[in-house]
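So you can see what is in the structure, the chains are spelled out below.
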Amino acid sequence: MLDSDTTQVQAWRQAREELGTADASRVAEILDERARATRRSILRMISKAGQGHVGGDLSVTDILTTLFSAVLNIDPENPTLAARDRFILSKGHCSAALYSTLAHTGFFSPEELSTFMEPLSALNGHPNRNKVPGVETNTGPLGHGMPVGVGAAIAAKLTTSGSRVFVVLGDGEMQEGSNWEALMAGAHHKLDNLTIVVDRNRLQQGARTEDTNGLDPLDDKLASFGWEVREIDGHNYSQLLDAFAGSTSGRPVAVIANTIKGKGVSFIEDRVEWHHKVPSADQTRLALEELA
Amino acid sequence: MTIASTVADAPVFDNRVAFADELITLARTDARIVAVCNDSVGSSNLTAFRDEFPDRLINVGIAEQDMVGVGAGLANAGMIPFVCAAAPFLTGRSLEQIKADVAYSQLPVILCGMSPGMAYGELGPTHHSVEDLSWLRALPGLDIVVPADSLQTRQAVRSAVADPRPTFIRVGRHKVPTVSPDDSVLTRGVFPVLRRGTDATIVATGTLVSRALAAASTLEAQGLSVRVLNAAYIAPFDTKAIEAAARETGAIITAEEANISGGLGAAVASIVSQLEDGARVPLRILGLTEFAPTGSTDFLLDYFGLTADHLVAATVGALERA
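Protein chains in written order, with numbering that gives the first Met the number 0: chain A, 0 to 291; chain B, 0 to 321.
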């Protein structure tokens, strides 16, 4: 298990404190700065490893940055506290985004990121909770995170721990039937402590979601399953923060975060081939310039 | 330890009864214990649990993938979830959840496969759970417990609470006699020796254990001394007991109410085949080899050669070859 990184934890705590008092424009500035650092790490990791899922990593980065910087009740120096909020990245193939976020939160040293997918690295292509602090469950196969989130939310109710549970899913992943089993259960149990976030970048590995097995109208589907639906711009920090507030209806919350796959790098944005294409050295340099 | 005698005329019990009784007893003093099921409140014998702990029986409906994931989430939050469903659907429908969410994640979910083997007799192969041992044995970090009687079923439930870890328990419905001595203990990864012997060893699991003891009694009358091992754990496996049986007796016969591709017999074969010259004794592996035809559980056990008489014949045959 990796150890926490004191320097990063301190920086994270400072940012967290400032985010609690700053005005909206300063909040956006802080989160944007942190997200850019995360995106740069993602590019370096994937470029060095020669593998990864850069498109989905970049589309989910602002969601992860907002949650870990400003929302989740967590302590990177005590990652197993019973009353912590649970964060589950169901789209486990976007591990580079998760690892980068966890490192910038202080769960482990950012230096570790350079080992991404190297032999025996803790940072496998898909996250492993027994190696990486901050990972709650081992994801990778799609459609696994939401049922685990439902279970954790039920446990939080039973134990009155006050924990909130957040599950981030890919939009293509919503084609998995297990998610719809979990949506039914979440609503049935009135899990107002559970929030799912669909990273709606409209692309899956092979094509657009709507050309593959269409999800729309996703908002109506989720609402008809009994969830409080919030549709937002998944790159707008103010909207993200509002969407991550607690349920107002006594029902679980489903956030449809409209995003751009590859967000932040012009030549990667919204292109299906960048699902798991690896940038060349020149492309990495260009991308890092855009993300400076 | 006392040695179990022949059990041919002994009273028989449904292990699900002992399972539910023990679970309720433990739940009264341990708030971490919850039950999760897929509409199977009745078939998992959880009605009394629900009546006493309505908030702690989480029925996710007919949704097995969600059921196992929910169990993992509960375990993540410090609960000890007993996830109960008919064994074929629990293991087959949710195999990837068992792999990723439970075994690989190392979350202490107690998977309770109800009515395993061919307990659902005439309902046919869709409802038989004879692949579970093969499927689950391939998953590192998952204990597989097959209690042979009510006593061991209670012990398995207690062990799961005392030392929570990813575990599958096969909770039998087909009634079996008590084969374990009153003072016996269930030790993780250990096959209890139910009968000592030097000529051959029968390694049996679950429903087949009482039949193995009956076969050993018959063989004793024929002048053969047969050791009987109760394979109560398919994982971790009691390699030492198998190596000793291979070195100390002249043949090994395995018997399981499961397909022979990858279960108990396959585990024994993989150990024995790698032993030194002289220890690679003849083996007979009894179990299923095809989807079952229509028939009751008892009919099908006979059809697949899983009776005391078949075990006697297999033992004699193996020794003749030795």
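Simulated from the structure, these hints should not be mistaken for laboratory data.
Note that the Cβ used here is the ideal one computed from N, Cα and C, for glycine as well.
Hints may contain errors.
Not close to chain B: a few residues of chain A, all C-beta gaps over 10 Å, as computed [unchecked claim]: (1) Arg43; (2) Arg85; (3) Ala244.
Residues from chain A shown here face chain B by an in silico Cβ test under 8 Å; the list is partial [said to hold, decoys possible]: (4) Asn137; (5) Ala181; (6) His274.
Hints versus structure:
Interface exclusion of A/Arg43 from chain B stands, the closest Cβ pair being 28 Å apart, more than 10 Å. Interface exclusion of A/Arg85 from chain B breaks down, the closest Cβ pair being 7 Å apart, not more than 10 Å. At the 10 Å boundary, the C-beta of A/Ala244 stays outside the reach of chain B, the nearest C-beta of that chain being 22 Å off. Nearest Cβ of chain B to the Cβ of A/Asn137: about 4 Å, under the 8 Å cut. The hint holds.
Look at A/Ala181: its Cβ gets to within about 5 Å of chain B, closer than 8 Å, so that hint holds up. Taking 8 Å as the C-beta contact cut-off toward chain B, the hint placing A/His274 at the interface is violated, the least distance being around 21 Å.
Checked against the numbered hints above, the structure violates hints 2, 6; every other hint is satisfied.
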